[in-house]
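The residues making up each chain are set out below.
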Amino acid sequence: MSELRENEQKTMLTLEKLGGRSPVAQIVKTSGLAHAAVMRAALSLSTKKLLQIHEQKQTTIALSEEGKQHAEKGLPERRSIRALIKLGGEATVEETVNEAALEEDFTTIASGWLHRKNWVTMKGNMLKTSGEPPMEVDEKLLSLLQEKGSLIIESISKEMKSAAYVLKKRKLIEMDEKTLRELELTDTGWKLVKRGIKAVEEVSQLTPELILSKKWQKVKLRKFDVTAPGPVVYPGKIHPMQEIIQMVREAFLEMGFTEIRGSIVQTAFWNFDALFQPQDHPAREMMDTFYLAQPKEGRLPRKNFVDAVAKTHENGWITGSRGWQYKWGPQEAKKLIMRTHTTAVTIHYLAEHREPPVKVFSVDRIYRNERLDYKHLAELYQIEGIIMDKNVTLRDLIGTLKEFYLKLGLKRVEFWPSYFPYTEPSAQATAYVPELKTWIELCGMGIFRPEVVAPFGIKHPVLAWGGGLERLVMLKLGVDDIRFLYKNDLGWIRRSPVCR
Amino acid sequence: MPVIVLNKNRFCSFIGRSITVEEMAKWLPWLGTSLEETGPDYVKIEFNPNRIDFSSYAGVARAFCGLLEWKTGLPKYKVQKGKIVVNVDSTVSNVRPHILGAVIRNIRLDVDSIAELMEMQEDLHWGIGRDRKKASIGVHNLDRVQTPFTYTTGDPNTAKFVPLDKTTEMSLKEILEEHEKGKAYRYLVDWAPRYPLLIDRKGRVLSMPPIINGELTRVDSLTQNLFIDVTGPDINALARSMNVLVTALADMGGSVESVRVKYPDHTVVSPDLTAQQMKLRISYANKLLGLKLSESQAVRSLRKCRLDAKKVGKGVLEVSIPAYRTDILHEVDLVEEVAIGYGYFRLKPTKPTTVTTGKQHKAEEMANHVRQIMIGLGFTEVMNFILTNEVVHYKKMRKNISKMVRLANPVSTEYSIAREDLLPSLMKNLADNRHESYPQRIFEVSDVIKIKEKAETRSERRLHVAAVSSHPTANFTEIKSYTEALLTNLGLTGWKIKEATPPSFLEGRVAAIHVRQKKIGILGEIHPEVLNNFELENPTSAFEIDLEGNL
Chain A
1 MSELRENEQK
11 TMLTLEKLGG
21 RSPVAQIVKT
31 SGLAHAAVMR
41 AALSLSTKKL
51 LQIHEQKQTT
61 IALSEEGKQH
71 AEKGLPERRS
81 IRALIKLGGE
91 ATVEETVNEA
101 ALEEDFTTIA
111 SGWLHRKNWV
121 TMKGNMLKTS
131 GEPPMEVDEK
141 LLSLLQEKGS
151 LIIESISKEM
161 KSAAYVLKKR
171 KLIEMDEKTL
181 RELELTDTGW
191 KLVKRGIKAV
201 EEVSQLTPEL
211 ILSKKWQKVK
221 LRKFDVTAPG
231 PVVYPGKIHP
241 MQEIIQMVRE
251 AFLEMGFTEI
261 RGSIVQTAFW
271 NFDALFQPQD
281 HPAREMMDTF
291 YLAQPKEGRL
301 PRKNFVDAVA
311 KTHENGWITG
321 SRGWQYKWGP
331 QEAKKLIMRT
341 HTTAVTIHYL
351 AEHREPPVKV
361 FSVDRIYRNE
371 RLDYKHLAEL
381 YQIEGIIMDK
391 NVTLRDLIGT
401 LKEFYLKLGL
411 KRVEFWPSYF
421 PYTEPSAQAT
431 AYVPELKTWI
441 ELCGMGIFRP
451 EVVAPFGIKH
461 PVLAWGGGLE
471 RLVMLKLGVD
481 DIRFLYKNDL
491 GWIRRSPVCR
Chain B
1 MPVIVLNKNR
11 FCSFIGRSIT
21 VEEMAKWLPW
31 LGTSLEETGP
41 DYVKIEFNPN
51 RIDFSSYAGV
61 ARAFCGLLEW
71 KTGLPKYKVQ
81 KGKIVVNVDS
91 TVSNVRPHIL
101 GAVIRNIRLD
111 VDSIAELMEM
121 QEDLHWGIGR
131 DRKKASIGVH
141 NLDRVQTPFT
151 YTTGDPNTAK
161 FVPLDKTTEM
171 SLKEILEEHE
181 KGKAYRYLVD
191 WAPRYPLLID
201 RKGRVLSMPP
211 IINGELTRVD
221 SLTQNLFIDV
231 TGPDINALAR
241 SMNVLVTALA
251 DMGGSVESVR
261 VKYPDHTVVS
271 PDLTAQQMKL
281 RISYANKLLG
291 LKLSESQAVR
301 SLRKCRLDAK
311 KVGKGVLEVS
321 IPAYRTDILH
331 EVDLVEEVAI
341 GYGYFRLKPT
351 KPTTVTTGKQ
361 HKAEEMANHV
371 RQIMIGLGFT
381 EVMNFILTNE
391 VVHYKKMRKN
401 ISKMVRLANP
411 VSTEYSIARE
421 DLLPSLMKNL
431 ADNRHESYPQ
441 RIFEVSDVIK
451 IKEKAETRSE
461 RRLHVAAVSS
471 HPTANFTEIK
481 SYTEALLTNL
491 GLTGWKIKEA
501 TPPSFLEGRV
511 AAIHVRQKKI
521 GILGEIHPEV
531 LNNFELENPT
541 SAFEIDLEGN
551 L
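Same order as they appear, the protein sequences are chains A and B.
Its first residue numbered 1, the first sequence is counted upward by one per residue in my numbering.
Its first residue numbered 1, the second sequence is counted upward by one per residue in my numbering.
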């Protein structure tokens, strides 16, 4: 037989002292051990067949708040019948209820139970009784509970027991179910205590004192069950989506791009007009874009920019374009919005940095007037990259994107013709995801139109690409509801491994 | 974006060859459409709004045949001179001033082509008409009415006709109030004293633009001759819509006949299907695409996109653009046509020679330093939306509502303003994670938006960091230690902790952090009323620091 631990020894000895069988509560009291310690010891001792655990269910009943009220004043039906008698044994429901001064909540309850208990005869709205009925068992139980506070249901009569369940349904009493445990020494257990167990002092925690005084040589250091589960701890960590943002940023930085950051609130001018989106373009409608109620309007940039943009929209200005053939207005352009793409920041930046080369990027928030569902968010991240230099080409853009997405682990990327209002030629990239055995859309791309760059005096081709971040994140993290990324489920963050 | 479902057999009849669904799916994306779905006998594609001519089988088929070089160069369309006249009454000038007409003769329609015609009309209303605002189309059975037609206005109460899909006469006013199309588009005319009407010689109504056609001229599979009207305020949009529709009908077998539109002071003949001319420098195309195409290679590519091109000077082509191409604004648009004709799949990747070194933005650099320190202190990062609402942001935090960025058209009450602080988001995170084990220590390093009148956008974005520690023994001392650990490791010196009384914190257990006489943050124990508001049971201490001044 294996050696007994300190708590096990104490439990055995206490049980012996208490005559071999005792409720756990009593053992806790006598031994001075914690309840959990006794139970742990008991479980281990019972597997060693030194004691037996007896379990018994015990249900305690007590009055609820409403029950206490009724115990005091009488059940609503009892109060009503007394009122009815006072009214001469015959009256309408309303009169009875009034006379009984019943609270509003109880009036329907009262008439229901009067009927059910057969205390009245009912004719239409008229109640009639022949005299006060005697106390019933449910009322007796109420007053008994009022007197005693609580009762053990297993110890009351059968009638009382069924009354108790009816009263529970009426929410007048509350039940509390407990399991009582008793421990009893087995024959083997008795033999062991008879032989004598000497309690030795066990030490579980090594202390500086034990180490310095060298007492550790004399005391018994408790052996731990090394296989027992310990408490869980969680490291501090960055959000799983942040990890992917950092991965994307690193890809850009390695490729020599400079990070830019601009206002989240933008004027429609930088978000749309500067990018040659006509003022009646569907994307500018309230349905797609968040406009601001406060503050409502921003300032337009310097006059030569605004004039050039206006003329380009109207008739193409000197760009060689035919323009959109309408009258451009500054009012629409002053409106403040939550930016719908980071390109608003890019074009603003290029207008101020016209000397080549410019290689910039951002991974930043954008907004769409979109109802949230498993596929859509109103606030999300956009990845954007820009190269402006002498003689850069569409093929250079394709080459750059191949390298960029390769760094993000996407080996097969293809480029198709597409359309965006501010790029020409335009393309879109799709990537093959081996895990899902499918192609996904990655980003839109193209060369900024002359109508976009000319008004700001930008002389060289501007290669641009932009795409959503969340899609990539969902793919990497195996999340299929986009809203989950912003739910900040601590359990998920805590338990998501840092390495994938 | 608009979609079109192409049934294989019907598509084959348009291209005049037999091909498989797989071949369709293989080549259609190289025209700039996206494959949505393929079925056993159909392909569903999404097309871009610039190529509104892809709203018909005929339109897709033209481009498809070009790409595969089955038919190349400019498709030719003949417009026969017709006798039909539309008289324009001067009263329309205040409500919907312009109209163009066209006649299509000897067309054979079936259930599929009528459905296609209706879908195409809707795509044009959306793509060019801006939901019927700029232009709207009516297609009529010409043989049910008598010419000449008059484009005029009618009295809302007394003018009556049977609208499409109804059996009884309704007044124009009743149509706006009761008919589903009337209710949807009434805002385009209901402000005018009289509404636009197109009537025949006998005063019978063809349509009430831009709302609904009359039942009288309903088009069905027995219809042989069509009259088409396009109305609206933007004459360019009318012509574009008309040309896309008419060329598709011509490809469906109809012959096109012109209509004379007589205004009080001038006459317009429509449709005008003359090709537009534009010059393309081959060097410009090669420079943008990174190719070295010869003149003949460029011409071949353009012809594959159903354009014609001829040399007019050294390295310069004169390109003819068919009337249904409404998207060519600039020479650069022709460059893309060259690329599509050449084939995007043939564009080999190259690396730009631009050499630069990467540099991160100082705000992001700071944010990453903060992340590193906070993780070291055992905090876990959360990421919240900037958009929030007043209840979470102010009311639950015991704060008075201040002047903040507010949306004019929020999509839900939950996201109606931009946050000024991070802390309310973190409190909400704690509330959402009550079932998780404690201690809970979380932080966010991200942006808030504050009103700033002087700025171009009357607002500014600022980088903040906030953290909360929530557990049974959380207190001021704990959070002060964490805050000072962060400040020290960010290399800050000389900060001062001063007494303060922000309403979200417990008085006497909260302090402000000052750097060089400027308040940059707060720290302390969250007020128990705030904890109640978020239904939290554990004491919680928190800090929030504005990092913008230290970038």
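FYI, nobody ran anything at the bench for these hints, they're computed from the structure.
Hints are supplied without guarantee of correctness; some may be wrong.
What the hints assert, rightly or not - No farther apart than 20 Å at their CA atoms in a straight line, the calculated lysine to aspartate or glutamate pairs in the EDC-like style are these:
#, chain 1, residue 1, chain 2, residue 2
1, B, Lys26, A, Glu104
2, B, Lys450, B, Glu390
3, B, Lys133, A, Glu441
4, B, Lys359, A, Glu441
Said to hold, decoys possible - Here chain A is said to cover these stretches of chain B; the calculated rule only asks that three of the stretch's residues, wherever they fall, bring their Cβ under 8 Å from a Cβ of chain A:
#, segment
5, 240–253
6, 336–342
7, 397–408
8, 495–509
Since we're looking at a predicted model, the values are computed, not measured.
Backbone N, C-alpha and C fix where the C-beta goes; we use that ideal spot for every residue, glycine too.
Results of checking the hints against the structure:
no., hint, in the structure
1, Lys26(B) <-> Glu104(A), "violated, 75 Å"
2, Lys450(B) <-> Glu390(B), "holds, 15 Å"
3, Lys133(B) <-> Glu441(A), "violated, 33 Å"
4, Lys359(B) <-> Glu441(A), "violated, 28 Å"
5, 240–253, "violated (count 0)"
6, 336–342, "holds (count 3)"
7, 397–408, "holds (count 6)"
8, 495–509, "violated (count 0)"
Violated hints, listed in ascending order, are 1, 3, 4, 5 and 8; each of the other numbered hints is respected by the structure.
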